[in-house]
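Each residue of the sequence shown is one higher than the last, beginning at 1 in the UniProt record's numbering.
Wrong hints could be hidden among the right ones.
The following label-pair restraints were derived from C-beta to C-beta distances [to be verified]: (1) H120 / G486: 52 to 60 Å; (2) D363 / E281: 17 to 25 Å; (3) G304 / M211: 34 to 42 Å; (4) D5 / D363: 40 to 48 Å; (5) D326 / R168: 50 to 58 Å; (6) P32 / G597: 27 to 35 Å; (7) G486 / D538: 36 to 44 Å; (8) F592 / E456: 17 to 25 Å; (9) E39 / D538: 25 to 33 Å; (10) T172 / H120: 20 to 28 Å; (11) S613 / G467: 20 to 28 Å.
Taking lysine-lysine and the PhoX-like style, the derived pairs with C-alpha atoms no more than 20 Å apart in a straight line are [said to hold, decoys possible]: (12) K243 / K338; (13) K124 / K243; (14) K193 / K243.
To be clear, the hints were calculated from the coordinates, so they are not data collected in a lab. Being a predicted model, the structure only gives us computed values, none of them experimental. Just so you know, even glycine gets a beta-carbon here, dropped at the ideal spot from N, CA and C.
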Amino acid sequence: MSDADYDYEDLGLVAGLEIHQQLDTASKLFCPCPTELREPEEAGRTFTRYLHPTKSELGEIDEAALEESMVDRQFEYLSYDTTCLVEEDDEPPHRVDREAMDVTMEIAQLLDASVVDQVHVMRKIVVDGSNTTGFQRTMRVAGEGAIETDDGTVRIEDLMLEEESAQRVEETDSGVQFSLDRLGIPLVEIGTKPDIRSPEQARAAAERIGMLLRSTGQVKRGLGTIRQDVNVSIAEGARVEIKGVQSLDDIDDIVRNEVRRQVELLDIADELDGRGAAVGEPEDVTEVFEDTDSGVIGGALSSGGNVMAVRLDGFDGLVGREIQPDRRLGTEFSDHAKRHGAGGIFHTDELPAYGVTEAEVSDLREAVGAGPEDAVALVADDPETTELAIEAVVERAEAAMDEVPEETRDATEEGTTRYLRPLPGAARMYPETDVPPVEPDPSEVDQPELLTEKVERYQAEYDLGSGLAEQVAYGESMPLFERVVGEGVDPTLAATTFESTLTELRRDDVAVENLTDDHLADALALVDEGEVPQEGLDDLLRALSADPALTAEEAVEREDLGGVGDEEVREAVVRVVERNAEQVEAEGMGAFSGLMGECMGELRGKADGDTVSSVLREEIQERA
Numbered sequence: 001m002s003d004a005d006y007d008y009e010d011l012g013l014v015a016g017l018e019i020h021q022q023l024d025t026a027s028k029l030f031c032p033c034p035t036e037l038r039e040p041e042e043a044g045r046t047f048t049r050y051l052h053p054t055k056s057e058l059g060e061i062d063e064a065a066l067e068e069s070m071v072d073r074q075f076e077y078l079s080y081d082t083t084c085l086v087e088e089d090d091e092p093p094h095r096v097d098r099e100a101m102d103v104t105m106e107i108a109q110l111l112d113a114s115v116v117d118q119v120h121v122m123r124k125i126v127v128d129g130s131n132t133t134g135f136q137r138t139m140r141v142a143g144e145g146a147i148e149t150d151d152g153t154v155r156i157e158d159l160m161l162e163e164e165s166a167q168r169v170e171e172t173d174s175g176v177q178f179s180l181d182r183l184g185i186p187l188v189e190i191g192t193k194p195d196i197r198s199p200e201q202a203r204a205a206a207e208r209i210g211m212l213l214r215s216t217g218q219v220k221r222g223l224g225t226i227r228q229d230v231n232v233s234i235a236e237g238a239r240v241e242i243k244g245v246q247s248l249d250d251i252d253d254i255v256r257n258e259v260r261r262q263v264e265l266l267d268i269a270d271e272l273d274g275r276g277a278a279v280g281e282p283e284d285v286t287e288v289f290e291d292t293d294s295g296v297i298g299g300a301l302s303s304g305g306n307v308m309a310v311r312l313d314g315f316d317g318l319v320g321r322e323i324q325p326d327r328r329l330g331t332e333f334s335d336h337a338k339r340h341g342a343g344g345i346f347h348t349d350e351l352p353a354y355g356v357t358e359a360e361v362s363d364l365r366e367a368v369g370a371g372p373e374d375a376v377a378l379v380a381d382d383p384e385t386t387e388l389a390i391e392a393v394v395e396r397a398e399a400a401m402d403e404v405p406e407e408t409r410d411a412t413e414e415g416t417t418r419y420l421r422p423l424p425g426a427a428r429m430y431p432e433t434d435v436p437p438v439e440p441d442p443s444e445v446d447q448p449e450l451l452t453e454k455v456e457r458y459q460a461e462y463d464l465g466s467g468l469a470e471q472v473a474y475g476e477s478m479p480l481f482e483r484v485v486g487e488g489v490d491p492t493l494a495a496t497t498f499e500s501t502l503t504e505l506r507r508d509d510v511a512v513e514n515l516t517d518d519h520l521a522d523a524l525a526l527v528d529e530g531e532v533p534q535e536g537l538d539d540l541l542r543a544l545s546a547d548p549a550l551t552a553e554e555a556v557e558r559e560d561l562g563g564v565g566d567e568e569v570r571e572a573v574v575r576v577v578e579r580n581a582e583q584v585e586a587e588g589m590g591a592f593s594g595l596m597g598e599c600m601g602e603l604r605g606k607a608d609g610d611t612v613s614s615v616l617r618e619e620i621q622e623r624a
């Protein structure tokens, strides 16, 4: 059965969303540092840490944190002149940022959620290196809200305000390198109840929440600033948390592929039960591969490693069975092995291949006592890694015989998922004692205007076309558009600059990312006030992009972009008309288009096109 044939109601599909969105505040959540991202090469210093899980108030250790800590890794952190000792965990956190709390209460209103009377900060254990403290600070601000989709209401369970994690830079020989620029940026997490019943509804709900978030005008935009996690289960399967869905366009595919994975795993479990499947004990099979031509296995052995294998009774043909596009049961085994440091696994459903010969496969089967109905999985690495990895394969193979395991999975770019870690439990949360509680007052904030309402207002109030109004309202420049129009800039000028001019400049490889909000606002003000003709705006923005240290006024002066008076315009037009006197006499107004371009070139963009057009018409009519 293809996933297109699935009856999601019959399968008992239940899904929920967790939307994580960075807020565009001036300061971080627990310190006054700016929410500014930096390039790794700008780091001023580095330091290293080793992290380990701690016990909760009840003396329990979270299973996910425990598995993460089994991989011995050093974490290196890059710090900047825009980060401080709070991010480094060398100074206690400050009070909760007021702006972040206000934006969160605005979001609560848009979600029709009830704000709590008192906000308490909690610590959530995280030992993957993404936080220098070994935990993430988080707080519940509101809950019991709802959004509407075409397929029904999706209830909102929680609205959390928390600190963003550090940004992973690269894997190193000893561990992982992180950057502290992102650590501590305010982040809201919106969790829905499990009310979603189809992949399409999952996407629609995420789109609705995304629109509500952008309506505040105070959320960051761009890759990595919003992440969607999806919780998916079917009636006979298990709850699986899928982390890190970057694009809204991927959510429905992620849900479809996870349903398929669980259906396939259930079918495999039934097949294994019918075969009387079992999992053997790991065995050292290094001797089988002493003269191997396999680069992977040979490389491990030459470095002092070994090869461990396990017989999977009754698994033949099922380890290589596809359960998601380009992912198989064997891929699941490999994911678990990789969590313990191995590069992956081999299994007999795919061998001989990768330099492993048919003779070696035969010897391998003989070494572990595998029959024709059995499969064999093997790992080659250093002895410690090999032992941990093959045990992980054993555990996953045992689970495959009777269940879909509950777990946290990582979304891939292909719309599939891979094993990440066990599901976290309640043992990962405990109170934060360094930050006092907050008593939020929802009456202090106003409910933001929805983007859908902005589109209608832009059309009615600013006379923008429906397409342009929607582009501006939903675009990244919406807050700046509101600012400059409020300062008196012509709405059409501002809208076309943000949605057309900047796009064209970007296509011309102009570094428009260097333009700050102040650059754009000041440039538009100069044009609107007549200090710079509209035709000179492109050149002004190019100059500011090339040298962002300049102010708009300085760029105008340096590039000589100031406008010219009416007398200079007429003098330039007269010169052009006189040079083309014969054409004007012969064609009359038919010469207008060609001469208009020449006039604008003569004036080097220093005059408004409407003014030049009017003067040119007068001069042609006098001579025609």
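Structure-inconsistent hints, enumerated in ascending order: 1, 3, 5, 6, 7, 8, 10
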